Every structure is written in structure tokens, then in C-alpha cells.
Amino acid sequence: QKEVEQDPGPLSVPEGAIVSLNCTYSNSAFQYFMWYRQYSRKGPELLMYTYSSGNKEDGRFTAQVDKSSKYISLFIRDSQPSDSATYLCAMSEDDYKLSFGAGTTVTVRA
Amino acid sequence: EAGVAQSPRYKIIEKRQSVAFWCNPISGHATLYWYQQILGQGPKLLIQFQNNGVVDDSQLPKDRFSAERLKGVDSTLKIQPAKLEDSAVYLCASSLGQGGIGYTFGSGTRLTVV
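Heads up: the protein sequence lines correspond to chains A and B, in order. By the working numbering, the letter at position 75 of the first sequence is numbered 75, and the numbering carries on one by one without gaps. By the working numbering, the letter at position 4 of the second sequence is numbered 1004, and the numbering carries on one by one without gaps.
Extracted from the complex, chain A is given alone in its bound form (with noise of 0.2 angstroms):
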């Protein structure tokens, strides 16, 4: 079993949108959590971090973590054209290694 598993994807939803990605993990020393946009031939560049259980709002983005579950979402509200992006979960025990999901590829039709 991986450490993290990110649903695959790919995703392809019309401009306007909620588009709405999922990890799930199964170490429980996770406390920190993370989403980042990866384009394409691009590093991967930080959308939200949350620590412990809860809800994060950041314009249109909203990260869910519920660690009973072991269980985080990202939602994109009203999705452009330029959120089209590979978004990958994160997550770590000390803040420092990061352990990825395997990336969900979104594409958002103008």
C-alpha cells in the first residue's frame, strides 16, 4: 500500500466549474498537509498548507483535511482555463520530507 494515494484522474471540467481532488494516506504521524500545482515542465509551486484537521480558504481555493479519515481534498471554485495544472497532494511528519500523492491532471474547457 502506498504511503499516499491520490485519486488518478485526469480530470476535464468545463470554465465555471467546482473541480474537487482527493487524497488519501495511511501513515497517521502526518500532521502537515499540502496541495501544489505542478505545469507542465514546471517545479511544483505551494497552493495551500494546513496543519491538523480542518478547513483552509485561499480566494478560490478551499483545502479540507480530516485526519480520522486520513482523508484531504482540494476544492477550485469557479475554475479558469489557467488552473489547467497537474495538482499534487503533500504531506509530512516534520515539516521538512514531503511524501506526494501521484499527481491529478486537470483540464478546465473554455
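By construction, these hints were calculated from the structure, which means they are not laboratory data. From a predicted model like this one, the values you see are computed outputs, not experimental measurements. One thing to keep in mind: the hints can contain errors.
On the chain A side, residues computed to face chain B include the following (Cβ under 7 angstroms) [as the list claims (entries may be wrong)]: (1) Gly43; (2) Leu88; (3) Lys97; (4) Gly101; (5) Gly103.
Ranges of calculated distance between the beta carbons of each label pair, as one might list FRET restraints [as the list claims (entries may be wrong)]: (6) Ser1018/B / Ser20/A: 28 to 36 angstroms; (7) Ser1027/B / Gly59/A: 27 to 35 angstroms; (8) Asp1056/B / Pro14/A: 24 to 32 angstroms; (9) Lys42/A / Val1054/B: 21 to 29 angstroms; (10) Leu1070/B / Ala110/A: 47 to 55 angstroms; (11) Ser26/A / Asp1063/B: 23 to 31 angstroms; (12) Tyr1010/B / Gly9/A: 37 to 45 angstroms; (13) Gly1040/B / Ser82/A: 20 to 28 angstroms; (14) Ala1005/B / Asp58/A: 43 to 51 angstroms; (15) Asp58/A / Val1055/B: 38 to 46 angstroms; (16) Ala110/A / Glu1014/B: 27 to 35 angstroms; (17) Asp58/A / Glu1014/B: 40 to 48 angstroms; (18) Ser1027/B / Asp58/A: 24 to 32 angstroms; (19) Leu1039/B / Asp94/A: 35 to 43 angstroms.
Simulated crosslink set (DSS-like; lysine-lysine; CA at most 27 angstroms straight-line) [stated by the list, open to error]: (20) Lys97/A / Lys1071/B; (21) Lys70/A / Lys1083/B; (22) Lys1071/B / Lys1015/B; (23) Lys97/A / Lys1083/B; (24) Lys1044/B / Lys70/A; (25) Lys1011/B / Lys67/A; (26) Lys56/A / Lys42/A; (27) Lys1083/B / Lys2/A; (28) Lys1078/B / Lys42/A; (29) Lys1078/B / Lys70/A; (30) Lys97/A / Lys67/A; (31) Lys67/A / Lys1062/B; (32) Lys2/A / Lys1062/B; (33) Lys1071/B / Lys1044/B; (34) Lys1083/B / Lys42/A; (35) Lys1078/B / Lys97/A; (36) Lys2/A / Lys1071/B; (37) Lys56/A / Lys1011/B; (38) Lys1044/B / Lys42/A.
Ideal Cβ placement from N, Cα and C applies to all residues, glycine included.
Mind docking chain B on chain A? Use the hints.
What follows is chain B alone, placed relative to chain A:
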């Protein structure tokens, strides 16, 4: 603020050859990481440096991979000899201190082993 610089951007080599990648982190960032991202997978940590000391190299295939960070600034990652399964993007990242929120990744070096 300048980002994390990596070179070369692309490299094609034959199996059993050697190759080296270079990374210059953001100025002042004490922690430097090398990740390997195989096509269709998430990045996997190879090695973590704190200044010029190794903190974690548990997933580095030490029979063929080596890395150094002289003077606690830039770093090189070497593969010798390369295998076909080493084909991947090698990402360098740096952080000021506590990692996750302060991570900045470079654009990576795409290695193809033929």
C-alpha cells in the same frame, strides 16, 4: 527574489554513462532537497541537506547516486552509472527553515537514459 536555479534543463545519456546535475538554492536557504519525479508519479525525496550536512539520504541509491553541498550553498547530484529506470525529472528545492510552507522548487532537470 531569485528562484531555485537548476542546470541543465535537459540531458540525454546512454545507460552506464555518468551525469551530474547542479542546483543553486534561494540565497540564505539553509535546507536543500533533491527529489526524483518519474513520469506519472509524485516527487520522491532522494536527499536532504541542512547547510552542508546530510539530514536524510535513506532513499538515495548509494551504489550509483551521490550528492554534495559544498560550503552549504549550491549542490550537485551525480549518477554513475546510469540505468534506464533513472529516466526522470530531478527537482531541487530549498527552504529557509521549517520546510513545507517555505519550500521553493526549481524547474528540474529532465534526464532520459537510452
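Results for each hint:
1. Gly43: Constraint on glycine 43/A satisfied, holds at 3 angstroms.
2. Leu88: Since chain B brings a Cβ to about 5 angstroms from leucine 88/A, closer than 7 angstroms, the hint holds.
3. Lys97: 5 angstroms, holds
4. Gly101: 5 angstroms, holds
5. Gly103: Result: holds, 6 angstroms to nearest chain B Cβ.
6. Ser1018/B / Ser20/A: 28 to 36 angstroms: 45 angstroms, violated
7. Ser1027/B / Gly59/A: 27 to 35 angstroms: Holds, since serine 1027/B and glycine 59/A (Cβ atoms, about 29 angstroms apart) stay within the stated range.
8. Asp1056/B / Pro14/A: 24 to 32 angstroms: Once the Cβ atoms are compared, 43 angstroms apart, the range 24 to 32 angstroms for proline 14/A and aspartate 1056/B is violated.
9. Lys42/A / Val1054/B: 21 to 29 angstroms: For lysine 42/A and valine 1054/B the Cβ distance comes to about 27 angstroms; the hint holds.
10. Leu1070/B / Ala110/A: 47 to 55 angstroms: The hinted range 47 to 55 angstroms holds for leucine 1070/B and alanine 110/A, with Cβ atoms some 48 angstroms apart.
11. Ser26/A / Asp1063/B: 23 to 31 angstroms: 29 angstroms, holds
12. Tyr1010/B / Gly9/A: 37 to 45 angstroms: 26 angstroms, violated
13. Gly1040/B / Ser82/A: 20 to 28 angstroms: 23 angstroms, holds
14. Ala1005/B / Asp58/A: 43 to 51 angstroms: At roughly 28 angstroms between Cβ atoms, aspartate 58/A and alanine 1005/B fall outside 43 to 51 angstroms, so the hint is violated.
15. Asp58/A / Val1055/B: 38 to 46 angstroms: 30 angstroms, violated
16. Ala110/A / Glu1014/B: 27 to 35 angstroms: For glutamate 1014/B against alanine 110/A, whose Cβ atoms are near 43 angstroms apart, the range 27 to 35 angstroms is violated.
17. Asp58/A / Glu1014/B: 40 to 48 angstroms: 46 angstroms, holds
18. Ser1027/B / Asp58/A: 24 to 32 angstroms: Roughly 27 angstroms apart at Cβ, these two residues keep to the hinted range, so it holds.
19. Leu1039/B / Asp94/A: 35 to 43 angstroms: 28 angstroms, violated
20. Lys97/A / Lys1071/B: Roughly 22 angstroms separates the two Cα atoms, so the pair holds.
21. Lys70/A / Lys1083/B: With Cα atoms ~36 angstroms apart, lysine 70/A and lysine 1083/B exceed 27 angstroms; violated.
22. Lys1071/B / Lys1015/B: 31 angstroms, violated
23. Lys97/A / Lys1083/B: Holds: lysine 97/A and lysine 1083/B sit about 26 angstroms apart, inside 27 angstroms.
24. Lys1044/B / Lys70/A: 20 angstroms, holds
25. Lys1011/B / Lys67/A: Roughly 41 angstroms separates the two Cα atoms, so the pair is violated.
26. Lys56/A / Lys42/A: 26 angstroms, holds
27. Lys1083/B / Lys2/A: 24 angstroms, holds
28. Lys1078/B / Lys42/A: Between lysine 1078/B and lysine 42/A the Cα gap is close to 21 angstroms, so the pair holds against 27 angstroms.
29. Lys1078/B / Lys70/A: 37 angstroms, violated
30. Lys97/A / Lys67/A: 19 angstroms, holds
31. Lys67/A / Lys1062/B: Between lysine 67/A and lysine 1062/B the Cα gap is close to 35 angstroms, so the pair fails against 27 angstroms, i.e. violated.
32. Lys2/A / Lys1062/B: 23 angstroms, holds
33. Lys1071/B / Lys1044/B: 25 angstroms, holds
34. Lys1083/B / Lys42/A: 24 angstroms, holds
35. Lys1078/B / Lys97/A: At roughly 21 angstroms apart (the allowed maximum being 27 angstroms), lysine 97/A and lysine 1078/B satisfy the hint.
36. Lys2/A / Lys1071/B: 36 angstroms, violated
37. Lys56/A / Lys1011/B: 40 angstroms, violated
38. Lys1044/B / Lys42/A: 16 angstroms, holds
When the structure is compared with the earlier hints, violations turn up for hints 6, 8, 12, 14, 15, 16, 19, 21, 22, 25, 29, 31, 36, 37 and for no others.
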